[in-house]
Amino acid sequence: MRTETRQGVPLLLVDDDGPALSTPEDALALVGGSYDGAAETVVVPVGRLDPEFFHLRSGIAGGFVQTLVDYRKRLVVVGDITAAVSESSAFHDFVVESNGGDHLWFVPTLDALDERLARSGTPEQPGAEGGVEPTPGR
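In terms of numbering that gives the first Met the number 0, the sequence shown opens at residue 0 and continues consecutively.
Any given hint might turn out to be false.
To be verified - Label pairs and their computed distance ranges (CB to CB): (1) Gly99 x Asp16: 18 to 26 Å; (2) Ser87 x Pro107: 29 to 37 Å; (3) Gly32 x His54: 25 to 33 Å; (4) Glu96 x Asp16: 25 to 33 Å; (5) Pro9 x Arg56: 18 to 26 Å; (6) Ala19 x Asp69: 33 to 41 Å.
In case anyone wonders, no lab produced these hints; they're calculated from the structure. Please read all numbers here as calculations on a predicted model, not as lab measurements. C-beta: ideal position from N, C-alpha, C; glycine also.
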């Protein structure tokens with residue numbers, strides 16, 4: 000794992016190689032690693048996630064993501080999820096909903112992540128895409 004700042008946002012970039020990540024304990028290890036470099040966002044290559052992560056009924060995605068959210072960390076999954084999306088309408092809907100929010104994003108490449116970060120800010124300070132804009136006069 001290494002930390003890097005992209006678009007002004009500190010990131011924890013998880014290595015491509017290593018054991019599959021699936022449990023809340025795995026997510027906690029990433030939270031711990033994120034504090035070393037003050038990272039607000041944890042970036043995980045799709046290949047590091049347990050294949051059951053993409054089967055929502057397993058509960059793996061929910062437990063993993065919720066642990067990161069509890070510690071105010073954004074999770075970004077980077078890579079090709081075409082097969083998982085095409086196999087499950089529920090997972091497709093999960094991806095669409097997640098990408099509309101600010102705590103879990105699925106992006107195909109780090110370049111796509113850079114574009115998204117430039118538009119949306121940090122988890123605590125969302126921009127136009129990541130959160131609700133203040134209403135003038137309130």
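Broken hints, numbered, in rising order? Violated hints (numbers, rising): 1, 2, 5 and 6; every other hint is consistent with the structure.
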